[in-house]
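Asker: We have chain A already, so just place chain B on it with the hints.
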Amino acid sequence: MATSSKLNAKIPEGILEDKWTKYRSTVHLVNPANKRSLEILVIGSGLAGSSAAASLAEMGYKVKVFCFQDSPRRAHSIAAQGGVNAAKNYQNDGDSVYRLFYDTIKGGDYRAREANVHRLAEVSGNIIDQCVAQGVPFAREYGGMLSNRSFGGTQVQRTFYAAGQTGQQLLLGAYSALQRQVGMGAVQLLARHEMMDVVTIDGKARGIIARDLVTGKLERHFGHAVLLCTGGYGNVFYLSTNAMGCNVTAAWKAHKKGAFFGNPCYTQIHPTCIPVSGDHQSKLTLMSESLRNDGRIWVPKQKDDNRKAKDIPEEERDYYLERRYPAFGNLVPRDVASRAAKERCDAGYGVGASKMAVYLDFAANTERYGKIEATKHNLHNPSKEEIMRLGKEVVKEKYGNLFDMYKQITDEDPYEMPMRIYPAVHYTMGGLWVDYNLMTTVEGLYALGEANFSDHGANRLGASALMQGLADGYFVIPYTIGDYLSEEIRTKAIPTDHPAFVEAEAKTQALINQLLSIKGTKSVDHFHKRLGKIMWEKCGMARNAEGLKQAIEEIKALRAEFWKDVRVTGAANEFNTELEKAARVADFIELGELMCIDALNRNESCGGHFREEFQTEEGEAMRDDENYAYVAAWEFKSEGNFELHKEELKYENIKIAARSYK
Amino acid sequence: MSHGNMNLTLKVWKQKNKDTKGSFETYSVKGISPDMSFLEMFDVLNEQLITESKEPIAFDHDCREGICGMCSMYINGRPHGPKQGVTTCQLHMRSFKDGDTIVVEPWRGAAFPVIKDLAVDRSSFDRIIAAGGFVSVNTGNAKDANNILIPKDDADTAFDAAACIGCGACVAACKNSSAMLFVSAKVSQLSLLPQGKIEKQDRVLNMVKQMDDEGFGNCTNTGACEAECPKSISLENIARMNREYLGASLFQNKV
Chain A
1 MATSSKLNAK
11 IPEGILEDKW
21 TKYRSTVHLV
31 NPANKRSLEI
41 LVIGSGLAGS
51 SAAASLAEMG
61 YKVKVFCFQD
71 SPRRAHSIAA
81 QGGVNAAKNY
91 QNDGDSVYRL
101 FYDTIKGGDY
111 RAREANVHRL
121 AEVSGNIIDQ
131 CVAQGVPFAR
141 EYGGMLSNRS
151 FGGTQVQRTF
161 YAAGQTGQQL
171 LLGAYSALQR
181 QVGMGAVQLL
191 ARHEMMDVVT
201 IDGKARGIIA
211 RDLVTGKLER
221 HFGHAVLLCT
231 GGYGNVFYLS
241 TNAMGCNVTA
251 AWKAHKKGAF
261 FGNPCYTQIH
271 PTCIPVSGDH
281 QSKLTLMSES
291 LRNDGRIWVP
301 KQKDDNRKAK
311 DIPEEERDYY
321 LERRYPAFGN
331 LVPRDVASRA
341 AKERCDAGYG
351 VGASKMAVYL
361 DFAANTERYG
371 KIEATKHNLH
381 NPSKEEIMRL
391 GKEVVKEKYG
401 NLFDMYKQIT
411 DEDPYEMPMR
421 IYPAVHYTMG
431 GLWVDYNLMT
441 TVEGLYALGE
451 ANFSDHGANR
461 LGASALMQGL
471 ADGYFVIPYT
481 IGDYLSEEIR
491 TKAIPTDHPA
501 FVEAEAKTQA
511 LINQLLSIKG
521 TKSVDHFHKR
531 LGKIMWEKCG
541 MARNAEGLKQ
551 AIEEIKALRA
561 EFWKDVRVTG
571 AANEFNTELE
581 KAARVADFIE
591 LGELMCIDAL
601 NRNESCGGHF
611 REEFQTEEGE
621 AMRDDENYAY
631 VAAWEFKSEG
641 NFELHKEELK
651 YENIKIAARS
661 YK
Chain B
1 MSHGNMNLTL
11 KVWKQKNKDT
21 KGSFETYSVK
31 GISPDMSFLE
41 MFDVLNEQLI
51 TESKEPIAFD
61 HDCREGICGM
71 CSMYINGRPH
81 GPKQGVTTCQ
91 LHMRSFKDGD
101 TIVVEPWRGA
111 AFPVIKDLAV
121 DRSSFDRIIA
131 AGGFVSVNTG
141 NAKDANNILI
151 PKDDADTAFD
161 AAACIGCGAC
171 VAACKNSSAM
181 LFVSAKVSQL
191 SLLPQGKIEK
201 QDRVLNMVKQ
211 MDDEGFGNCT
221 NTGACEAECP
231 KSISLENIAR
241 MNREYLGASL
251 FQNKV
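One line per chain: the protein sequences are A and B, in this order.
Residue numbers for the first sequence follow our numbering, beginning at 1 and rising by one.
Residue numbers for the second sequence follow our numbering, beginning at 1 and rising by one.
Bound-form chain A, shown alone (with noise of 0.2 Å):
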């Protein structure tokens, strides 16, 4: 298999731990006099953007952030809970940036770049000194050091945290750090404001078109560089852990003019989330991973098993994961913790009342952290109750937030039942394709964090999100991008009336006067909701051929029935709820085409892209290195017609195997 000629990843020569090192002292720099006439647009304020926009602003770059929420503290990188991991070693448990890179790529099921994925474990430890730097207020021990526990598909405790709630920690920092600038006048902020197109002009970026939400006026902005730090498409299913305005708009569009769409069949399906209550669901919601460090997974050995949790007895109790995966028992990968969960459930195992759902359970540790505590405060022969009151306080110290979470939304007490936990869409692996520099296939465009395809391969490993989101935006970019910009040092700012941008503003009007007449008799929501389906049960935990083909019909006929019969109310010169979803689930019904289709060409199974036709006889997924070790980057040709380019992935420093977690 070779490259294609279109796709070069610039992956620096020299042995693998001195990649980044010598590249980083060698690419171009601009000075701090060119930096000062030399503008970027950021779009989106997760932890990719904020960290890129307050690093370049620091640099002396003009910045502009653009944020479709009304602050760009919003953005959804705030719900991440659980962790982000780095290679410190703190713990002496023999931690290292190889074993995090190790780690990173067996976790992706061998589908990741080595170069990518070593720079990120190089730059993990970074991170964590920058947060602390900013006043991020990680846990800690009593010795005043920082705390760690364990995440999925690791046996070293690695992830750094802050109660459950480490990703609004970490975005409050780099928005923090993002508003030092907007108040020095180094960042321009445009919030409430949604890209609408990227203005491409002789092959380059040179801009976007922005809808100023509260106004509904169309907006032109030059950059010499446009940044696409708009997170993940995971809402394509409708229902998943996305905040409700997540979407693939800015990435699908810049799709269109020319970068290259990498892996879009990659989606993780995260293990522990709340089932799915009724049909009036609009969002589901997460139970972080951590909770498997302590919470044991299981359902009755017997089907249909009616009783309580609490009335069966532990030997008619099947802890499947620990029974299938000994080596690392619940903290497996989630791509195989989920399989597991809908194996069980397939076969008549389920519990609840839609029978969909799996037990987490926290009974043996409590009693386990209770003896501890007994222990520790002398106390003898302490009582049953005594030892789970002991218990129950140190889970509360770990999980509380995420116990009460649970407990509002269920109306069930975690501390007295074990919770009901079933898989739910979480995060997208694939995106915008990109070299190392993180550019796509457009010059002068970049994609950051989730919305790149580059560092997770076919399946992320838990704290690893957030890891990359920071690592694009305060360590990588800030020194890639000069690459690009110093060859930019002479291009004046290209004034807004250069027709391109003149054409692609007239494009997006007419878009949105097109979905504001057509006033059919569906509403958006409607249509959201029937892609979502089509997506969860054909492109969603296990894929089959025929299933594919058939979503792709059947996206094609619901593409054109919305087109034909969406309702969208209200006008485009207003503050318009409406028509933004309307606009985000366009892009989206065309997207999940392309997903279905890069499912279908996949013929193997590898992390999140479980093929039903490619497993082992236990149920493992069974890759094809022979004809798949590639990335599958598309290329837009018109609508519905997509070519594929591939880049061969070569892994020169790790023995490509089998991967087990037995």
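FYI, nobody ran anything at the bench for these hints, they're computed from the structure.
Some clues are possibly wrong.
[Unchecked claim] A short, non-exhaustive set of chain A residues, derived as facing chain B with CB atoms under 10 Å:
id: 1; residue: Q69
id: 2; residue: Y90
id: 3; residue: N92
id: 4; residue: G94
id: 5; residue: S96
id: 6; residue: V97
id: 7; residue: S147
id: 8; residue: K519
id: 9; residue: A572
id: 10; residue: F575
[What the hints assert, rightly or not] Only some residues are given here: those of chain B computed to face chain A with a beta carbon under 10 Å:
id: 11; residue: G4
id: 12; residue: A119
id: 13; residue: R243
[To be verified] Away from chain A, derived, C-beta distances all over 10 Å, residues of chain B:
id: 14; residue: S33
id: 15; residue: G69
id: 16; residue: N76
id: 17; residue: G99
id: 18; residue: T101
id: 19; residue: D121
id: 20; residue: A158
id: 21; residue: K209
id: 22; residue: G217
id: 23; residue: S234
id: 24; residue: Q252
Since we're looking at a predicted model, the values are computed, not measured.
Backbone N, C-alpha and C define an ideal beta-carbon position, used for all residues, glycine too.
Answerer: Just chain B, lined up with the frame of chain A:
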């Protein structure tokens, strides 16, 4: 679409934009399930309005898991409704009864002008943070994270203050529309940590000045902010900020 049996009457504030006068409109919704969140109940209402070719009600929301701070409804006279320690998106309809009449308004406060219906402009909060809610450290300057040890109690107290989601319920709850709880949470977080101590005087002076410039009212220690805060941010933060402010005012070097 819904599988419930609660029928409710809603009196909702409708306002086209900040320059026009608003008024209450009455709606009835049927078939609400007690498992729905308050915002999902609004989804049902909006779906119904769209079906009738009427304009849906505009409201802010995003994560729907109580952490982004975007949702902001003033329900039956209380920010985020009747339950303690939850945001509107985490308020479930089981907290209401069949046949209830529910009054829903936007956040009140001169510094939070209405954008449309229930959505308000809270960019004043961003400007307060921009005035001083940070540690002045550029990317790349940091030393090893364990170089400075921080007592666990200090880190925990800082975290409790840092848990603020910036929703603005404290302002909406306050008869003076004071933002003291919000501002003091950030001041406390950073002044409790060694990294933030260096700039603590400038920080508190600058943030308080910006708060005043934005038109937020004064604090009269009523405590409504703490009572209504969905994240239970403590009034102690205000006391701490007052101490910091007094100290900074007395001893600042600048004139």
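Asker: Non-interface claim for B:G99: all C-beta distances to chain A beyond 10 Å?
Answerer: holds (19 Å)
Asker: Holds or violated: is the Cβ of A:A572 closer than 10 Å to a Cβ in chain B?
Answerer: violated (14 Å)
Asker: Does the interface hint hold: is A:Y90 within less than 10 Å of chain B, judged Cβ to Cβ?
Answerer: This interface hint holds because 7 Å falls under the 10 Å limit.
Asker: Quick check on A:N92 please, does its C-beta sit within 10 Å of some C-beta on chain B?
Answerer: violated (12 Å)
Asker: Do the numbers back the hint for B:R243, that is, is its least Cβ distance to chain A under 10 Å?
Answerer: violated (19 Å)
Asker: Quick check on the hint: A:K519 CB to chain B CB, less than 10 Å?
Answerer: holds (9 Å)
Asker: Any Cβ of chain A at or closer than 10 Å to B:N76, or is the non-interface label fine?
Answerer: holds (18 Å)
Asker: Taking the closest pair, is the beta carbon of B:Q252 still more than 10 Å from chain A?
Answerer: At roughly 19 Å from the nearest Cβ of chain A, B:Q252 sits farther out than 10 Å, so the non-interface label holds.
Asker: Using Cβ atoms only, decide whether B:G4 comes closer than 10 Å to chain A, and label the hint accordingly.
Answerer: With a closest approach of 8 Å, the B:G4 hint holds.
Asker: Should the interface hint for A:G94 be scored as holding, given a Cβ-Cβ cut-off of 10 Å against chain B?
Answerer: violated (18 Å)
Asker: Verify the interface restraint on A:S147: the C-beta must sit less than 10 Å from at least one C-beta of chain B.
Answerer: Given a least distance of 9 Å, the restraint on A:S147 holds.
Asker: Does B:S33 really sit off the interface, with its C-beta more than 10 Å from all C-beta atoms of chain A?
Answerer: violated (6 Å)
The structure does not agree with the numbered hints 3, 4, 5, 6, 9, 13, 14, 15, 19, 20 stated previously, though it agrees with the rest.
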